[in-house]
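Each residue of the sequence shown is one higher than the last, beginning at 1 in UniProt numbering.
Hints are supplied without guarantee of correctness; some may be wrong.
As the list claims (entries may be wrong) - Capping the alpha-carbon separation at 16 Å, the derived lysine to aspartate or glutamate pairs in EDC-like fashion look like this: (1) K137 / D152; (2) K198 / D36; (3) K28 / D116; (4) K20 / D40; (5) K28 / D124; (6) K131 / D63; (7) K20 / D30; (8) K47 / D302; (9) K131 / D116; (10) K198 / D135.
Read the hints as simulated data drawn from the structure, not as lab findings.
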Amino acid sequence: MMQTIWQPESLVAKELAALKPYLATNVKIDNAAINDRVHDLLAAGGKFLRPGFFYLFSQFGPDHNTARLRAGAAAMELLHVATLIHDDVIDESPERRHVTTIHQDYGQRNAIYAGDLLFTCYFDQVLIAAKTADDVKINTAAMRAILQGELDQMAHNFDPTTTVDDYLAIARGKTARLFSLSCEQGAHFAGADASVVKLAQQIGERMGLAYQMLDDVLDYAGDEALTQKPVLNDLRDGVYSLPLIYALTAEPQLAEQLPQPGDHISNEQLLTIRDQVIALGGVTQAQQLATHYTKTALNLIDQLPTGETQQTLRRLVTELLVRNH
């Protein structure tokens with residue numbers, strides 16, 4: 001997956017290839033089974049979006065200190081993977097990146113401890129990358145916002161009164177904040193101008209919002225063979241995402257068909273709700289809002305220094321935010 005997004009010959013792809021062994025060397029958990037599973041997860045790599053955008057935005061600055069940038073990029077991926085491990089516990093997911101989830105084989109407590117340990121590894125890398133104490137404060141605030149976003153999501157589970165504004169607040173925390181941090185920190189640690197660092201933060205936030213919205217669209221309208229994860233998973237778990245919120249606004253009585261905590265809902269019932277969400281325009285409206293944030297991100301990219309990096313950003317944002325998986 002990484003190679004389909006980051007062109008193999010690009011500087012970013014080369015840095016990401018070197019990041020994998022770096023992560024393997026710098027993540028040590030004193031439990032052989034858990035350590036191996038975490039390393040399998042890190043090696044699987046996913047799309048490597050956060051460290052990839054970190055490296056891409058670092059190209060706007062003159063300071064290409066290899067050790068600092070590698071630590072900064074590693075921090076972004078470790079923070080992301082730590083949150084994924086915790087998400088998998090909450091969602092009871094059996095697999096992540098084609099690797100059996102930790103809680104599936106070793107229990108929820110061990111999975112939570114593994115995620116917590118990765119948070120400490122994240123801060124180890126932040127301390128290597130940081131130029132000043134303010135850099136640590138920025139990362140601490142970002143981590144707090146991400147975790148608060150997850151708590152806010154849980155507070156709205158199974159809540160048919162969730163609004164678009166509620167959804168946006170949650171998405172800014174649990175998804176967009178890490179995108180914006182990755183872009184901002186890449187530019188900052190490379191010594192880019194303050195105006196570029198600010199633009200990087202704004203682009204990352206819009207990109208993260210659009211990315212989350214498109215994920216939610218694919219949960220209702222995606223092809224499992226392409227997304228490689230079951231559709232309607234959020235609905236089954238009581239996570240009322242943007243397409244459903246729009247559909248409930250159009251037809252509040254739809255709430256009577258939604259699952260309640262502890263309910264067993266059949267696949268047929270889920271598909272019936274999906275068809276109604278689509279018919280009520282929920283997917284279309286969510287797609288339109290995702291397109292709005294994508295266009296906003298592209299407009300902000302136009303304000304960056306012109307050149308190859310800017311054009312690469314435009315291509316990547318377009319590909320990522322107009323995707324079917």
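Status of the hints after comparison with the structure:
1. With a C-alpha separation of about 22 Å, the suggested pairing of K137 with D152 is violated against the 16 Å cut-off.
2. Pair hint K198 plus D36 does not hold up; C-alpha atoms about 38 Å apart against a cutoff of 16 Å.
3. Distance check on the hinted pair: K28 and D116 sit about 13 Å apart at the alpha-carbon level, within 16 Å; holds.
4. Pair hint K20 plus D40 holds up; C-alpha atoms about 11 Å apart against a cutoff of 16 Å.
5. With a C-alpha separation of about 12 Å, the suggested pairing of K28 with D124 holds against the 16 Å cut-off.
6. At roughly 12 Å between alpha-carbon atoms, K131 and D63 fall within 16 Å of each other, so this suggested pair holds.
7. Taken as a hint, the K20 and D30 pair is broken in the structure, with Cα atoms around 20 Å apart against an allowance of 16 Å.
8. In summary, the hint linking K47 to D302 is not supported, as the alpha carbons are separated by about 24 Å, beyond the 16 Å threshold.
9. As the CA atoms of K131 and D116 are separated by approximately 25 Å, the hinted pair breaks the 16 Å bound.
10. For a cut-off of 16 Å, the pair hint linking K198 to D135 stands: about 15 Å separates their Cα positions.
Hints 1, 2, 7, 8 and 9 from the list above are not met by this structure, while the remaining hints are.
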